[in-house]
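**Student:** Letter by letter, the chains look like this.
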Amino acid sequence: MNVSDQIGMDPTLLFILFTLLLIFFLSFSDVFKKKRMLSITSPIVKTELFCPNCELKILREFKEGDYVFKRTEEKCKRCGTPLIISAIYDVSKPKRPF
Amino acid sequence: MALFEVRRVLGQLNKMRKIAWNEAVNKLKKEGCDEKLAKDKLKIMINSFVIFPETLDPTGVFKKIEHILDVRDERMMAFIKDILPDIDHSKARNIENLIEATIALEQLYKIVQHYYLLSKRTDNIYLLLQLQMQLPLIIEQAKAYFSALNAFKSGIPIGDGIGALVASKILNEAENVKLEEVSKETVVGGINLEGRLVYVVKARGPGGAVGKPGEAVMKIIERNKDRKIKLIIMIDAAVKLEGEKLGEVVEGVGAAIGGVGVDKYKIEEIATRYNIPIYAIVIKESLLNAISIMRKEMYSSLNEAVKKVKTIILENSSPGDRIIVVGVGNTMGII
Chain G
1 MNVSDQIGMD PTLLFILFTL LLIFFLSFSD VFKKKRMLSI TSPIVKTELF CPNCELKILR
61 EFKEGDYVFK RTEEKCKRCG TPLIISAIYD VSKPKRPF
Chain C
1001 MALFEVRRVL GQLNKMRKIA WNEAVNKLKK EGCDEKLAKD KLKIMINSFV IFPETLDPTG
1061 VFKKIEHILD VRDERMMAFI KDILPDIDHS KARNIENLIE ATIALEQLYK IVQHYYLLSK
1121 RTDNIYLLLQ LQMQLPLIIE QAKAYFSALN AFKSGIPIGD GIGALVASKI LNEAENVKLE
1181 EVSKETVVGG INLEGRLVYV VKARGPGGAV GKPGEAVMKI IERNKDRKIK LIIMIDAAVK
1241 LEGEKLGEVV EGVGAAIGGV GVDKYKIEEI ATRYNIPIYA IVIKESLLNA ISIMRKEMYS
1301 SLNEAVKKVK TIILENSSPG DRIIVVGVGN TMGII
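Here the protein sequences come in this chain order: G and C. If you're matching positions, the first sequence starts at 1 in this note's numbering and goes up one per residue. If you're matching positions, the second sequence starts at 1001 in this note's numbering and goes up one per residue.
Simulated from the structure, these hints should not be mistaken for laboratory data. Being a predicted model, the structure only gives us computed values, none of them experimental. You may find that some hints are simply not true.
[To be verified] Pairs of lysine to aspartate or glutamate residues, derived as EDC-like cross-links and limited to a Cα-Cα distance of at most 20 Å, are as follows:
hint : chain 1 : residue 1 : chain 2 : residue 2
1    : C       : K1296     : G       : E61
2    : C       : K1308     : C       : D1321
3    : C       : K1230     : C       : E1194
4    : C       : K1081     : C       : E1035
5    : G       : K57       : G       : D10
6    : G       : K70       : C       : D1088
7    : C       : K1030     : C       : D1123
8    : C       : K1169     : G       : E55
9    : G       : K63       : C       : E1035
10   : G       : K70       : C       : E1180
11   : G       : K93       : C       : E1140
12   : C       : K1153     : G       : E61
13   : G       : K93       : C       : E1215
14   : C       : K1029     : G       : E64
15   : C       : K1091     : G       : E55
16   : G       : K93       : C       : E1244
17   : C       : K1027     : G       : E64
18   : G       : K93       : C       : E1222
19   : C       : K1230     : C       : E1215
20   : G       : K57       : C       : D1082
21   : C       : K1296     : G       : D10
22   : C       : K1015     : C       : E1031
23   : G       : K63       : C       : E1173
24   : G       : K46       : C       : E1297
25   : G       : K70       : C       : D1321
26   : G       : K93       : C       : E1297
27   : C       : K1264     : C       : D1321
28   : C       : K1153     : C       : E1215
29   : G       : K63       : C       : E1031
30   : C       : K1030     : G       : E64
[As the list claims (entries may be wrong)] One side only, chain C facing chain G, incomplete, derived with CB under 7 Å:
hint : residue
31   : K1143
32   : N1150
33   : K1153
34   : I1156
Glycine included, each C-beta is placed from N, C-alpha and C at the ideal position.
Chain C extracted, bound-state conformation:
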């Protein structure tokens, strides 16, 4: 029974990765790339890998991780710009996201296939049973990446973008806000809120980027050395536990940001150095919701989150103070 079940899931994963591959090829063709070239380049990109730095000597490991991820990001974008030289940056980012989802599905398929074949070759039923036990979680993850394809190929906002959406709404509610690119693909706009100067940070949209909020916060704090930043507020999507409501807005303290930890480290480091409190607002959603098209329920949380940001600012600062608000997340489909 376990063998039958794993084989069926493996078949489904195979179908998903083939569909993802075709979607990626079709998208590249639609943007003007030759089919053969698209397939050849995609094959290279899908099989590419990242070797994380050695952590036996942890000194400066964040810089090393950041460097390696930057190289990977640049290489990915170079690949896309190489086959589609006239493509605009936003579209290139969306294609990059589409390829990332294809890579994730390919990896899931390969791992499940590996354990399935290994258990068959070694006649080890326990390996197979372990795999069978994990199937519901594997399926959930595969479904999440598969649903993400729809969003990535058309540049539709995804659940993870709720933090960026909150920042964007705050910026759009204010008038004549001038946006400045403060770090790579990250913009900042200054708004006035009852006499306080609020720096609103988010990734540059509407392409699928997450930017470098850590570096942005560092630069803003360094620039405002003369007048200390009063507080930092971070807004992000957080994984909800089973039974929790989708779109629930919750307050806390600490750096609300995911990823490999480089941005989190930078924000925590500078906030500790200058003794700046960090407040967090998270919007609860599942992994599936986070990387698939944003659901209507999430927009109901948007106004609540904006209200909470303003309340925290007004309760914890005085007129004349400077505050940083960071909208964390993928800004696909959000300006």
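So that you can see chain G by itself, here it is in the shape it has in the complex:
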């Protein structure tokens, strides 16, 4: 005994119903996929400083006024030399766009 006999429905009607359900499912999954596409991750910005004397590297949160190769007033913990900003970058995990 097949499915259409079990539920007492015409097989053609059942086929149309399944096709419609499939179309709805695919359309809505596409809509949700596009919704994910619109989401934006907030950046996590870090500033990397290095000591030109002992080459110690420090990573800290970005502060307004930081720029790459700036000689800061922050001192090296090891030798007391003023630190230089070597990099400013985003470390947040990028989402797959599509």
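Let chain G serve as the given structure and place chain C on it in line with the hints.
**Tutor:** This is chain C only, laid out in the frame that chain G set:
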């Protein structure tokens, strides 16, 4: 379904442009501008437009384009200096970049809204379907400009600045380099590399400027007429194709520089006139990476690019030769 999808994206674009507008107003307020004045001026700036010159007669069109873009740039800076008279140049440039991103989001919203309403008014499903097909690319572009807001409001280096960063690293590795402003917002420093005199050109940082590298290269070549420039090396970020690795460093030939083409034309013109070879080093990144905060992966490419520049110089020149290295890109957050 298409109508529903376009409407939702339009709603999202509307949210993005409103956030961008608020960020710009807040930044102006933070720098000391009155809120009402900031809103009024911003409204004028956001609705401003540029009419590109007529190209039916293409003779001298680059000069016309350059002139119009210069006028626009001066007008933009005048607007900012008008409402914030005491602001320093670097901060003014960062605000200008922030406003540019706001304008881009406003334009995207207006265009999508235009086609959405047009298709509704004319009951034309095909217009709507065309728009729906382009939605992924529109969203990607909008996201890129939206992410750029964070970088522009705080003056953080963006992906496009990798060329300027390479130039800056070369300059910083050498000792006691004196920088000279050779053209508008563009500096040059001379360094010695195993007996060669290398002129390193980049935009003046740390404000968000791209400078005028074309004019700078022209001036340096004209100044060195007596001792011909041996080669020009250009470093820039290039749009990567899907599947390519972010931060991949690739070598080639030709003028590696984007924009409307004025600087590219100038460099190609002078290099051809004096028969100087142009080498290019590009660092691959997507549009999103190019105008959002520089990612950590890009710094891994930095040392590789610097090494490649030095290798090209040493392999293609002899001691006593003069070389020009141009770091192309927005120097925001990079000295």
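**Student:** Hint by hint, note whether the structure agrees.
**Tutor:** So, going through the hints one by one against the coordinates:
1. K1296/C with E61/G: Distance ~14 Å between K1296/C and E61/G Cα, so the pair holds.
2. K1308/C with D1321/C: Between K1308/C and D1321/C the Cα gap is close to 18 Å, so the pair holds against 20 Å.
3. K1230/C with E1194/C: The hint holds at about 15 Å.
4. K1081/C with E1035/C: Answer holds: K1081/C to E1035/C is near 16 Å, not above 20 Å.
5. K57/G with D10/G: Violated: K57/G and D10/G sit about 74 Å apart, past 20 Å.
6. K70/G with D1088/C: 17 Å, holds
7. K1030/C with D1123/C: 47 Å, violated
8. K1169/C with E55/G: Holds - the C-alpha atoms of E55/G and K1169/C are around 16 Å apart, at most 20 Å.
9. K63/G with E1035/C: Violated - the C-alpha atoms of E1035/C and K63/G are around 25 Å apart, more than 20 Å.
10. K70/G with E1180/C: 19 Å, holds
11. K93/G with E1140/C: Holds, at about 17 Å.
12. K1153/C with E61/G: 16 Å, holds
13. K93/G with E1215/C: 40 Å, violated
14. K1029/C with E64/G: 16 Å, holds
15. K1091/C with E55/G: 31 Å, violated
16. K93/G with E1244/C: 18 Å, holds
17. K1027/C with E64/G: Given pair K1027/C, E64/G holds - Cα atoms ~13 Å apart, limit 20 Å.
18. K93/G with E1222/C: 47 Å, violated
19. K1230/C with E1215/C: Roughly 18 Å between the alpha carbons, so the hint for K1230/C and E1215/C holds.
20. K57/G with D1082/C: 42 Å, violated
21. K1296/C with D10/G: 61 Å, violated
22. K1015/C with E1031/C: Not satisfied, since the Cα-Cα distance of roughly 24 Å exceeds 20 Å.
23. K63/G with E1173/C: With a Cα-Cα distance of about 25 Å, the restraint between K63/G and E1173/C is violated, given a limit of 20 Å.
24. K46/G with E1297/C: Judged against 20 Å, a Cα distance of about 13 Å means the pair holds.
25. K70/G with D1321/C: 31 Å, violated
26. K93/G with E1297/C: It holds: about 12 Å lies between the C-alpha atoms, which stays within 20 Å.
27. K1264/C with D1321/C: Since the Cα atoms of K1264/C and D1321/C sit roughly 24 Å apart, the hinted pair is violated (cutoff 20 Å).
28. K1153/C with E1215/C: 29 Å, violated
29. K63/G with E1031/C: Satisfied, since the Cα-Cα distance of roughly 16 Å is no more than 20 Å.
30. K1030/C with E64/G: Answer holds: K1030/C to E64/G is near 13 Å, not above 20 Å.
31. K1143: 6 Å, holds
32. N1150: 5 Å, holds
33. K1153: Constraint on K1153/C not satisfied, violated at 9 Å.
34. I1156: OK, holds: I1156/C within 7 Å of chain G, min 6 Å.
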